[in-house]
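Let's have the full structure, built from the sequences with the hints guiding it.
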Amino acid sequence: MVHFQQSRDQTAIDNALQLMEEVIKLTPDGHTKKAERLSSLGNAYFCQFEQLGKLRDIENAILFNQQAVDLTPDGHAEKAARLNDLGATFFRRFEGLGELKDIENAILVIQQAVDLTPDDHYDKGKQLGNLGNAFVRRFEHLGELKDMENAILVNQQAVDLPTPDDQAGKATRLNNLGNAFFRRFECLGELGDIENAIFLNQQAVDLTPGNHPDKAVWLNSLGNAFFRRYQRLSELRDIKNAICFHQQAAVDLTPDDHPDKARLLGNLGNTLQGRFKLLGKPEDMENAILVNQKAVDLTPDGRADKPEWLNSLGAAFKCRFEHLGDPRDLENEILVMRQAVKLTPDGHASKARRLSHLGDAFIRRFECLCDLGDIEEAIEAYKQATKNTSSHPVTRYDAACCWANLCSKYQSPSLALDAYTVAMEIIPRVVWFGQKVHHRYKELPNIGRTINVAAAMAISVGELSRAVEWLEEGRSIVWKQILQLRTPLDELQQQHPDIADKLSKVSLALDNAGTSRFQNIDLQIKHASAEEEAQNHRRLAVQYEELLQQVRELDGFDSFLRPKKLSELAPAARNGPVVVVSVAELRCDALVLCTSGEIIPVPLPTFSYKQAETLRSKLLLLLQGRHVRGDQNEDRASRTVVKGNQDHFKSVLADLWSHVVQPILSQLEQALYENAHHSLPHITWCATGALAFLPLHAAGIYGSHDSTKNMNISDFAVSSYTTTLTAMLGFGSKPKQGPTKTPGVLIVSQPGTPGLTSLPGTVGEVEAIQRYTSPDHTCHLTHELATVEAVRDEMSKHEIIHLACHGIQDMENPLKSAFSLYDGGLELNKLMGLAVLSTKNAELAVLSACQTATGDENLPEEAVHLAAGMLAVGYPSVIATMWSIGDKDAPLVADHVYANLLGRHDSSESQKEKLTPAYALHEAVKHLREEIGEMNFVRWVPFIHFGV
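The UniProt record's numbering numbers the first residue of the sequence shown as 1 and each following residue consecutively.
Keep in mind the hints are simulated off the structure, nothing from the lab.
Treat the hints with care, since some could be wrong.
Unchecked claim - Within a straight-line C-alpha distance of at most 30 Å, the following computed DSSO-like cross-link-like pairs (lysine-lysine) qualify: (1) K442 / K383; (2) K409 / K387; (3) K146 / K124; (4) K215 / K170; (5) K442 / K830; (6) K215 / K240; (7) K79 / K25; (8) K565 / K650; (9) K124 / K33; (10) K79 / K33.
Printed below as a string of structure tokens:
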């Protein structure tokens, strides 16, 4: 056997097998050497399988190794080794046939071997490596993240074992751990994982001499890691390294009769295709097809990895078709993709990906031949892809979107709605609790656009309730996830206290994990706590989802924490109509939720998705030209008004009036005035897409030569905004301060924040506020007293908070947007740390700071801004700014806001209306317009109100 392993001499192994079988026949069942000889025979068959890849050899290896284990008592010194050998044979048969029971058995028996082996034993590292590899293979088959976490855990344990004299074993363990990080990168996309994979795989290669039989395997792993990093970062040196290492592994070091030859060739073909896409050299494409075809030809149909090589070959045909346009390549692509799908069992993690590739191929053929049969084939492929729940959620979500798009173009809107329904169900898995918040935000831009299109489709067929529900479900997804973890569980606690306690504890831990500052795993694998934190986070997410499922199975809790239906959302309009404006490429509409619960649809035929994008870009350029956006260190002072900018701003507001606001108001006259009584009616805007960044509250015709044509929304209604309908539900019945109770006011001012430009106007702003507040109910933190900790401590003690300081919108990491205080930023992350219940008396937050309602233009549906943060913390009303405000304007607005809020105490109905924050701000901005001139848009337009 030793001679075979060193020389791969087939005659030697045949002789060894024949001799061993004779010895076994001569050994009686009760002989002490029987188990040892069975083990040796099983391992000999295993070695022959490794050389020849014949199924009967691995069957014999399992048979004899199982007999050896059965004959070995539990306390025997060789029990662990024989269990490990048996596990290795199950593992290899799984790689050949893909039968789930084999990888389950492999994990079971190798885990037993690990448990029986002390840490200082020579075989411990090999056993841990085998167990880790088995977890990886089961992950690849089922897609369960816990297998990936276990793989990293046990492989890390193997690497950490003290084995100073075992260079070859050390290389194996390093390669195994690198491969585990590689697989998790493919699942979660965290760049730190692929960096770790390259670092570890490179170490494995460096430790291994050129003539070692495993050198090719380590080079292949390293090539794979470089190729994946190339796909992520598009750096030329990575694709060059990948091809170099794959060439050495597949061609230079591996003979054609080696069982791993096909796998190594397939990976070489993928990297050659990648370089062709980058540099366009035809020889790379031809070579990619040749090596992928050879990989397929070397692999019998029964092998579990055959579908992957077929998939790679199909991708190579696709690439050449796109380059040369030869229809034969397209036919070949469909042929091999069909085979790949057929050979992939249902439930396999790669099934959805291969079905999606097949669907893509049918679409390409339809574009050439215009045969609607290809559309039907593509729809069926995408539909089947969505059903494979073990596949990656992003793959399934993308398939659902393709399915919906095809139905809307070539079939019917109702069938498209079926597909969009499936997409909506998958979204929580794409934007998953088990990922850090910053990672979840990366997935959201495309999701937001899809939801808007889905809602537009629902509107087109009169499904107004579904459109409202979908638009609500698709807005502020991450905010709602965070708040969901903080939802009071009173009813559940009363009826099922045990599960309520478990859910509460897991929710708290998951909330802390999701908003933790730690984001990346260290390249050197030195910070074990970071890896433990990441794995613990994902375990908590799985546990949370399992608990939710258990709760929903209880009587009366089937809708627990599920997306809200229209009947639950309708109370958001109890104080006046809420206008949800849907902006999609298909169409634009307003859906007006009335106090009666009725939905009034208002088509906006003269407005479009493109026009909304154009208006947003136009406004952004205007503001950047005025230096009121884009520089976080600017003071609040606005620049001198430029006539040309006035005209451009005027045209933006006129377009919003003519194409959006005026058509809505004309349809709403009766609904608008239902609750208005003796004052202007109140309207709440909930806009989607680019419209979420535009000042609907200021829409109008200004500066017309014919004064009778001048009109704007403030002549007809008081405007507020809301991030979601859900945000308004918890506050609609919130008790307001009684006429005799004086609210507590926390004033935070920073006239001279260290490192930032001074804000002298905040001094006058504070003085204006204090004219209307009671000294006994006012806390003023300024200069060095206004620290992050001090402000957080005082927030829960006061009904009103007024922040007069710099505000910073962080576009790279939205959750780091902050109020600039004396010792640092009060970030959204830190605001999330405030329990909602601690602010149960909160009434109003006035954010007299720059960019407090700016948001991130890449996340229009998420409302990732400071105003949204204050709503999430528990303030029912928030006054904020869309861009930097004038340092001289802030005191004037504050004076009139607080005069309306606190300075009037008579009991007339009209005065009571004006005591609410929305009306107080409306009057204050009206006064500011009179002071500075209404054409000075940049100074008065940014002041807005959120909430109730």
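For each hint, the structure was consulted:
no., hint, verdict
1, K442 / K383, "holds, 25 Å"
2, K409 / K387, "holds, 22 Å"
3, K146 / K124, "holds, 22 Å"
4, K215 / K170, "holds, 13 Å"
5, K442 / K830, "holds, 21 Å"
6, K215 / K240, "holds, 19 Å"
7, K79 / K25, "holds, 22 Å"
8, K565 / K650, "violated, 39 Å"
9, K124 / K33, "holds, 24 Å"
10, K79 / K33, "holds, 13 Å"
When each numbered hint is compared with the structure, a violation occurs for hint 8 only.
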